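Novice: The lines below spell out each chain.
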Amino acid sequence: MHELIFNTKLCENCKTLDCIMKCQYIEMDLDEAGREHAKILRGEESRILKDCVTCYACEEYCPSRNHPFYLIVERQEQLGIHPVPKPIEKSQVIMMGPRGKIKQKELKAPVIDMCFFDIMKGGIRGKLFEGATTIGGSDVFCNLMFLHFARNSTIRERLPLIMDNIMKYYLEPAGVKEIICYHDECYGTYTSWAPAFGIDVPFRPVHLFDYIYHKLIDLKPDIKPLNVKAAYQRPCSNRLCPETDHFVDDIFNLIGVERPKRTYEYKNALCCGGIPEAAQRFDLVEEIQRKNVEDMKSTGAQYGVFNCPFCFWTLAEPVAKAGMIPIMMSDLCLMALGQ
Amino acid sequence: MLDQEIIGKLKTILGSDYVSDAAEELFIYSRDQGVQDPHMPDCVVMPGSAPEVQEIIRLAMQKKIPVVPMGGGLLLSGLTVPLKGGIVLDMKRMNRIIEINERSHYAVVEAGTSQGMLDAYLRKHHPGLKHSLPDAPPSATIAGNIAIHGSGHLSQSEGGFHSEMVTGLEVVLPTGELVKFGSCSTVPAWFSRAPLPDLVGLFLGWNGTTGVITKVGIKLYPRPSLHDVMVFMTEDIDLAPMIISRIINTEVAEDINYALAPKPDYLNGFQMTVINVTANSEAEIKMKKQIIRDALHDFYETKEAGFMPVPPNMKAGFLEAPQKALSKFADVRKGGGFEYVGAIMPIEKIPEACRAGMEITARNRITYSLGARIIGRGHCAMFFFAYPFNRVDREEVERVKKALEDTNKTALQLGGIPWKAEVQGQQLILKQMEPETYRVMKKIRDVLDPAGIMNPGNWEVG
Numbered sequence: 000m001h002e003l004i005f006n007t008k009l010c011e012n013c014k015t016l017d018c019i020m021k022c023q024y025i026e027m028d029l030d031e032a033g034r035e036h037a038k039i040l041r042g043e044e045s046r047i048l049k050d051c052v053t054c055y056a057c058e059e060y061c062p063s064r065n066h067p068f069y070l071i072v073e074r075q076e077q078l079g080i081h082p083v084p085k086p087i088e089k090s091q092v093i094m095m096g097p098r099g100k101i102k103q104k105e106l107k108a109p110v111i112d113m114c115f116f117d118i119m120k121g122g123i124r125g126k127l128f129e130g131a132t133t134i135g136g137s138d139v140f141c142n143l144m145f146l147h148f149a150r151n152s153t154i155r156e157r158l159p160l161i162m163d164n165i166m167k168y169y170l171e172p173a174g175v176k177e178i179i180c181y182h183d184e185c186y187g188t189y190t191s192w193a194p195a196f197g198i199d200v201p202f203r204p205v206h207l208f209d210y211i212y213h214k215l216i217d218l219k220p221d222i223k224p225l226n227v228k229a230a231y232q233r234p235c236s237n238r239l240c241p242e243t244d245h246f247v248d249d250i251f252n253l254i255g256v257e258r259p260k261r262t263y264e265y266k267n268a269l270c271c272g273g274i275p276e277a278a279q280r281f282d283l284v285e286e287i288q289r290k291n292v293e294d295m296k297s298t299g300a301q302y303g304v305f306n307c308p309f310c311f312w313t314l315a316e317p318v319a320k321a322g323m324i325p326i327m328m329s330d331l332c333l334m335a336l337g338q
Numbered sequence: 000m001l002d003q004e005i006i007g008k009l010k011t012i013l014g015s016d017y018v019s020d021a022a023e024e025l026f027i028y029s030r031d032q033g034v035q036d037p038h039m040p041d042c043v044v045m046p047g048s049a050p051e052v053q054e055i056i057r058l059a060m061q062k063k064i065p066v067v068p069m070g071g072g073l074l075l076s077g078l079t080v081p082l083k084g085g086i087v088l089d090m091k092r093m094n095r096i097i098e099i100n101e102r103s104h105y106a107v108v109e110a111g112t113s114q115g116m117l118d119a120y121l122r123k124h125h126p127g128l129k130h131s132l133p134d135a136p137p138s139a140t141i142a143g144n145i146a147i148h149g150s151g152h153l154s155q156s157e158g159g160f161h162s163e164m165v166t167g168l169e170v171v172l173p174t175g176e177l178v179k180f181g182s183c184s185t186v187p188a189w190f191s192r193a194p195l196p197d198l199v200g201l202f203l204g205w206n207g208t209t210g211v212i213t214k215v216g217i218k219l220y221p222r223p224s225l226h227d228v229m230v231f232m233t234e235d236i237d238l239a240p241m242i243i244s245r246i247i248n249t250e251v252a253e254d255i256n257y258a259l260a261p262k263p264d265y266l267n268g269f270q271m272t273v274i275n276v277t278a279n280s281e282a283e284i285k286m287k288k289q290i291i292r293d294a295l296h297d298f299y300e301t302k303e304a305g306f307m308p309v310p311p312n313m314k315a316g317f318l319e320a321p322q323k324a325l326s327k328f329a330d331v332r333k334g335g336g337f338e339y340v341g342a343i344m345p346i347e348k349i350p351e352a353c354r355a356g357m358e359i360t361a362r363n364r365i366t367y368s369l370g371a372r373i374i375g376r377g378h379c380a381m382f383f384f385a386y387p388f389n390r391v392d393r394e395e396v397e398r399v400k401k402a403l404e405d406t407n408k409t410a411l412q413l414g415g416i417p418w419k420a421e422v423q424g425q426q427l428i429l430k431q432m433e434p435e436t437y438r439v440m441k442k443i444r445d446v447l448d449p450a451g452i453m454n455p456g457n458w459e460v461g
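As they're listed, the protein sequences go chains A and B.
Going by numbering that gives the first Met the number 0, the first sequence opens with residue 0, and the numbers climb by one from there.
Going by numbering that gives the first Met the number 0, the second sequence opens with residue 0, and the numbers climb by one from there.
Any given hint might turn out to be false.
Looking from chain A toward chain B, a few residues come up when the C-beta cut is under 8 Å (computed) [what the hints assert, rightly or not]: (1) P84; (2) P86; (3) S90; (4) A277.
In silico DSS-like cross-links for lysine-lysine, where the CA-CA straight-line distance does not exceed 30 Å [unchecked claim]: (5) A:K49 x B:K285; (6) B:K262 x A:K120; (7) A:K100 x B:K323; (8) A:K320 x B:K323; (9) A:K89 x B:K285; (10) B:K302 x A:K89; (11) B:K218 x B:K323; (12) A:K85 x B:K314; (13) B:K262 x A:K100; (14) A:K266 x A:K296; (15) B:K327 x A:K100; (16) A:K89 x B:K314; (17) B:K302 x A:K21; (18) A:K228 x A:K260; (19) B:K327 x A:K120; (20) B:K400 x B:K83; (21) A:K290 x B:K302; (22) A:K102 x A:K176; (23) B:K314 x A:K100; (24) B:K327 x A:K102; (25) B:K333 x A:K104; (26) A:K49 x B:K288; (27) B:K302 x A:K85; (28) B:K62 x B:K179; (29) B:K285 x A:K290; (30) A:K176 x A:K219; (31) B:K288 x A:K85; (32) A:K320 x B:K288; (33) A:K296 x B:K285; (34) B:K333 x A:K102; (35) B:K262 x A:K104; (36) A:K320 x B:K314; (37) B:K401 x B:K430; (38) B:K288 x A:K89; (39) B:K323 x A:K89.
Worth flagging that the hints you see were computed from the coordinates, not collected in a lab.
Just so you know, these numbers come straight off a predicted model, no measurement behind them.
Just so it is clear, CB atoms sit at the ideal spot from N, CA and C, and this is done for glycine as well.
Whole structure, please, built from the sequences with the hints as guidance.
Specialist: Have a look at this one:
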């Protein structure tokens, strides 16, 4: 079985412990952080393992890219810590599992991998996605969400089959070598989680924003600048691929969207609250949603922009109630294209 | 077969458009969606007014022709199937909404008024008011539902079965008299059954054997502007009574439903308690949800149970009344067959009822959905054993019939009482009933219906 490639020495020699000290949800001084961190390295219980919001941010904070969050998940699973109530966890494991119902279908590039969110397929339309075909559903679902459930084992077990399905049923017959990852979660799986566990990815993953940005360049003459202000809700899984975060600004610049400075963005982004809700941390949900939405609103943003459907479902209502329009990034771009 | 003279008299009373003895129409009225054997009526009529009902009943009494009153025809247990032939009295034409009293919170409707009609009317003309909707299709009638002690989405918070929400009745007796019961018998308003001797019960739960309801006064309730749902998920059936009681005791849950089913597979083995809350402000709904969470805090702290995040598409389904998901489930086997054994029982019996339901369905090789709606702030539960089947598959129909029989027996053994029981179920209940109780029932029925014309075959000892 694929094990986490983790360099203990890097952590032991770390003087800053950014993974803990920059955490927005767990407060401790450097001494305590050192002690708790050491416990985790030794495989012992630590309050970090219980208090972790599973926002993935420490993956980005670690200057050595040593995968502190994947280690947290490993330890939670080894020690039987369940961030989410067991019936919900078990039900989700069944719900999201591959069904073996995959069938070959006619595809041509660009192939958009909708992750589990086939329900969002309606957004793949217009000039932005002209000629695109989609794949999605449980048989091609990356399963990275189980990081929130302390279940690296589930991802480990399913990912080889999932990638095999994508290749065998979709990409190989179509002669396509890359997939556009609709969700950061899939992109993070193939560019961060899989390498961290020594798993080879047989295709080239492309981040949706990378695709959209380059498509917009091609469509530049058609763009009518929107001249609006927007706040962006960065999803947790973008922490696994921070190198793609610049595309938000790049795309906004192309479509004439101003991104006023706010407190909770880029490295300082806040969770949408969906996962803490599943973890029954209701006070925290209220606090972070309030801080997040008030922060968006305070910038004068007219739009709250999302890429993660789960963030959208969680925050769309509070954003709308605060007087902003919740919208997916792809739809915002289609608006700029007059569609 | 009714002779043409009687058909002619019925046509004189109602006009020829509203009387039929055409075979294709009699076929429709000879059955419902359940597994009970069909019985052909001799004639189907659709009266348009109480005086017309009186004339029909007088004719039927004189000729000793059975009469079966029918509302939406959605009973599933064959209570409007004419066991001994005769006239089916389809009440759907009598669907006028006569009065909405905003200040005293009641509606007066004719007996054929459907749940959907009253709901739509209130939403349009009195948006601050609502009535308790059952999870039957919207074509179910108000009168039919109260007559079978139905329940609905306000049964938990607003006082119990829909029959308990009745403020008055107008009834055509089996001897043809038109009689009012409740305050409307004495003063013009339909506000209450008290303080008069309560005779309304003579027509509730009697399966149409004591008269024909022509008008109903029914309680209305405030319709708060905000509505939300919480879903508490468990894996241990034995926790159900405790969890449900905790939620009831908060006094803030409008509706509480408990459910388990083998499909979809990700819910197999898990139970969901669905809690509806309503409010008039964000602050109120937040407070109510917090109170409910606090009541279950120790359960979710252990991570052995917890509140399931409900995405918007799923939430929309939970917020519906009636629940379309139930209608969808009813056709999960295709072929248009659905049996639903309701059993009114104590809340503490829910775990045993669940186990019994799973055992019965496994033994009879049928699929199921089991669950309960909490009634009257926890005074009892309407437990449901729902069995969809393919009507074309005769072998499956027989297995469902057997399951139905087993379920009725089990419900009684558990200390519950089968709801709107089919004739065989009625026999089981009567066998277990105190003999003096049954004798009083018989005396009342003999007094009210001396010719024995009203829905014969129901509530009779064989």
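Novice: The structure should be examined with respect to each hint, and the outcome stated for every one.
Specialist: A quick look at each hint next to the structure:
Annotation: interface hint on P84 (chain A) holds; nearest CB of chain B at approximately 3 Å, less than 8 Å. Residue-level restraint check for P86 (chain A) holds (minimum Cβ-Cβ distance to chain B is 4 Å; threshold 8 Å). Because the closest C-beta pair between S90 (chain A) and chain B is about 5 Å apart, less than 8 Å, the hint holds. Below 8 Å, beta-carbon pairs count as interface contacts, and A277 (chain A) has one with chain B at about 5 Å; its hint therefore holds.
With a C-alpha separation of about 26 Å, the suggested pair K49 (chain A) and K285 (chain B) falls inside the 30 Å cut-off, and the hint holds. The suggested pairing of K262 (chain B) with K120 (chain A) holds, with an alpha-carbon distance near 25 Å, which does not exceed 30 Å. Of the supplied pair hints, the one linking K100 (chain A) and K323 (chain B) holds, its CA atoms being roughly 27 Å apart against a limit of 30 Å. Using a Cα cut-off of 30 Å, the hinted pair K320 (chain A) and K323 (chain B) holds, with the two alpha carbons roughly 28 Å apart.
For a cut-off of 30 Å, the pair hint linking K89 (chain A) to K285 (chain B) stands: about 28 Å separates their Cα positions. This hinted pair checks out: K302 (chain B) and K89 (chain A) have alpha carbons roughly 12 Å apart, not beyond 30 Å. Distance check on the hinted pair: K218 (chain B) and K323 (chain B) sit about 24 Å apart at the alpha-carbon level, within 30 Å; holds. A C-alpha spacing of about 21 Å is found between K85 (chain A) and K314 (chain B), which places the hinted pair at or below 30 Å, so the restraint holds.
Annotation: proposed proximity of K262 (chain B) to K100 (chain A) holds, straight-line Cα distance about 17 Å (limit 30 Å). Restraint check for K266 (chain A) and K296 (chain A): satisfied, since their Cα atoms lie roughly 19 Å apart, inside the 30 Å limit. A hinted pair counts as satisfied when its Cα atoms are at most 30 Å apart, and K327 (chain B) with K100 (chain A) qualifies at roughly 23 Å. As the CA atoms of K89 (chain A) and K314 (chain B) are separated by approximately 21 Å, the hinted pair is consistent with the 30 Å bound.
For the suggested pair K302 (chain B) and K21 (chain A), the alpha carbons sit about 28 Å apart, so the restraint of at most 30 Å is met. Our distance criterion of 30 Å between C-alpha atoms is met by K228 (chain A) and K260 (chain A), whose separation comes to about 10 Å. Using a Cα cut-off of 30 Å, the hinted pair K327 (chain B) and K120 (chain A) holds, with the two alpha carbons roughly 24 Å apart. Of the pairs offered as hints, the one joining K400 (chain B) and K83 (chain B) holds, with about 21 Å between alpha carbons and a cut-off of 30 Å not exceeded.
Only pairs whose Cα atoms come within 30 Å are accepted, and K290 (chain A) paired with K302 (chain B) is accepted, the gap being roughly 27 Å. For the proposed pair K102 (chain A) and K176 (chain A), the alpha carbon gap of about 19 Å is at most 30 Å, so the pair holds. Taken as a hint, the K314 (chain B) and K100 (chain A) pair is honoured in the structure, with Cα atoms around 27 Å apart against an allowance of 30 Å. With a C-alpha separation of about 27 Å, the suggested pair K327 (chain B) and K102 (chain A) falls inside the 30 Å cut-off, and the hint holds.
Straight-line distance between C-alpha atoms of K333 (chain B) and K104 (chain A) comes to about 29 Å, which keeps the hinted pair within the 30 Å bound. Taking the CA atoms of K49 (chain A) and K288 (chain B), the gap is near 25 Å; set against the 30 Å cutoff, the hint holds. This hinted pair checks out: K302 (chain B) and K85 (chain A) have alpha carbons roughly 6 Å apart, not beyond 30 Å. With a C-alpha separation of about 26 Å, the suggested pair K62 (chain B) and K179 (chain B) falls inside the 30 Å cut-off, and the hint holds.
A threshold of 30 Å between alpha carbons decides the hint, and for K285 (chain B) with K290 (chain A) the separation of about 17 Å falls inside it, so the pair holds. Between K176 (chain A) and K219 (chain A) the alpha-carbon distance is near 27 Å, which keeps this suggested pair within the 30 Å criterion. Between K288 (chain B) and K85 (chain A) the alpha-carbon distance is near 22 Å, which keeps this suggested pair within the 30 Å criterion. Restraint check: the Cα-Cα separation between K320 (chain A) and K288 (chain B) comes to about 19 Å, which is no more than 30 Å; the hinted pair holds.
This hinted pair checks out: K296 (chain A) and K285 (chain B) have alpha carbons roughly 21 Å apart, not beyond 30 Å. Distance hint between K333 (chain B) and K102 (chain A) is fulfilled; the C-alpha atoms sit about 25 Å from each other, no more than 30 Å. Of the pairs offered as hints, the one joining K262 (chain B) and K104 (chain A) holds, with about 28 Å between alpha carbons and a cut-off of 30 Å not exceeded. With a C-alpha separation of about 18 Å, the suggested pair K320 (chain A) and K314 (chain B) falls inside the 30 Å cut-off, and the hint holds.
Of the supplied pair hints, the one linking K401 (chain B) and K430 (chain B) holds, its CA atoms being roughly 19 Å apart against a limit of 30 Å. Simply put, K288 (chain B) and K89 (chain A) have alpha-carbon atoms about 25 Å apart, close enough for the 30 Å limit, and the pair holds. Between the alpha carbons of K323 (chain B) and K89 (chain A) the distance comes to roughly 27 Å, so the proposed pair stays at or under 30 Å and holds.
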